[in-house]
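Novice: Each chain is listed here by its residues.
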Amino acid sequence: MLAYIDKIKEISNRLLKEGKVDMVIGFRKGTVPMMNEPCFVKTPEDVDNFVWDSNCGINLANYLTNRKEKIGIVAKGCDSRNIVTHVIENKIKRDQLVIIGVPCKGMIDRHKIEAMFETEIQDVIEADDKIIVKGQGLEKTLNKKDVLQDNCALCIHRNPVIHDELVGDPVEEQKDLDRYEDVRKIEFMSPEEKWRYFDDLLSTCIRCYACRNACPLCYCPTCFVDESRPQWVGKSQDPIDTRTFHFLRAYHCAGRCTDCGACERACPMGIKVRTFTRKLEKDCLELFDWEAGLTLEERPPLDTYRPDDPDDFIK
Amino acid sequence: MGIEPGRLHFSWISSAEANKFVDVVNEITAAVKALGPNENFLKTEARVA
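Those protein sequence lines, which keep their order, are chains A and B. For what it's worth, my numbering labels the leading residue of the first sequence as 1, then goes sequentially. For what it's worth, my numbering labels the leading residue of the second sequence as 1, then goes sequentially.
No wet-lab data here; the hints were simulated from the structure. Every residue, glycine too, gets a C-beta built ideally from N, C-alpha and C. Possibly wrong hints are sitting among the right ones.
[Claimed, not checked] Below 25 Å or equal to it, Euclidean Cα-Cα: the simulated SDA-like pairs (lysine to any residue) are:
| hint | chain 1 | residue 1 | chain 2 | residue 2 |
| --- | --- | --- | --- | --- |
| 1 | B | Lys33 | A | Arg196 |
| 2 | A | Lys315 | B | Val22 |
| 3 | A | Lys315 | B | Lys43 |
| 4 | A | Lys282 | B | Lys43 |
| 5 | A | Lys194 | B | Val22 |
| 6 | A | Lys194 | B | Glu39 |
| 7 | B | Lys43 | A | Val225 |
| 8 | A | Lys272 | A | Cys220 |
[Stated by the list, open to error] To be clear about the criterion: a stretch of chain A counts as covered by chain B if any three or more of its residues have a C-beta under 8 Å from a C-beta of chain B, and this derived list gives those stretches:
| hint | stretch |
| --- | --- |
| 9 | 194-206 |
| 10 | 238-247 |
Produce the complete structure using the sequences and hints provided.
Specialist: Here it is, written out as structure tokens:
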């Protein structure tokens with residue numbers, strides 16, 4: 001991790017000094033534990049703010065939308081896939097970017113760790129594969145692999161898919177994972193069971209839209225939930241309105257979602273919002289052999305026509 | 001997402017296929033009528049009023 005930080009600083013410093021970029025987007029330490037925040041560095045003097053550890057779960061591609069300047073951006077595997085998606089969707093140009101790739105072994109789940117302890121966590125330190133959690137009268141060592149974000153535990157693209165610089169050797173990709181066990185479980189439910197399952201899942205939603213705001217795919221100038229003329233969906237916390245919001249948002253991510261987990265990480269209520277996007281991800285993989293953001297060369301399934309599209313649901 | 005089967009239909013009908021259009025619409029209305037009102041999408045406030 002420390003080697004990564006030095007390398008990130010060194011590369012950023014060089015890029016800024018040589019004038020190759022106007023700014024570098026990376027992470028700095030957050031004001032509370034496990035919450036590193038995005039950091040925009042515009043001068044070589046400020047590169048010392050950059051950090052890297054297992055709390056960099058925010059997807060930085062979110063900050064590239066419609067930018068005009070030349071940008072250096074620190075990118076994990078998932079960030080890099082969202083950068084590809086941004087380029088494909090004309091939200092940023094490839095030649096505006098210098099991508100500083102970071103091979104990633106997963107981010108830790110702050111919801112999981114917070115739920116383990118009664119007392120407030122004041123500090124979280126990382127050493128190799130261990131996480132040391134400290135608080136008032138509390139010091140406990142956890143295995144990092146036990147507290148990974150759910151999406152990181154299932155990640156099969158840990159290394160950046162595109163990059164101009166790399167801060168370390170590529171890490172080994174996880175293989176032979178059953179990535180969709182939970183999705184299949186829901187698929188097997190009867191319609192009534194599904195209805196109840198989603199009612200339950202969303203019962204704590206406060207409609208804060210943190211999931212949407214954290215998502216690099218959600219860049220519409222006016223989101224359908226904010227539109228008032230016409231008002232597509234009620235703004236209340238009525239279960240129907242909440243359900244409509246979550247399902248529509250998920251569908252907007254079909255064929256685009258890289259399962260970066262930013263939505264779930266952002267949720268203040270700890271709702272497993274990835275449940276929705278993962279079903280679509282699974283469908284795209286099974287029906288169109290598509291995983292989002294792997295290549296600049298191919299168009300996504302929702303904007304291509306193939307005569308052999310599977311379409312047995314159409315009568 | 002838990003919508004009852006039979007409430008949601010997809011069809012591909014060319015503008016030249018008037019008869020197919022009529023048939024499909026009749027079929028759908030019959031299927032949906034048979035299911036009755038869609039209680040799932042009622043808002044709770046509306047139920048109280």
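Novice: Can you name, in rising order, the numbers of the hints this structure does not satisfy?
Specialist: Violated hints: 3, 4 and 5; rest satisfied.
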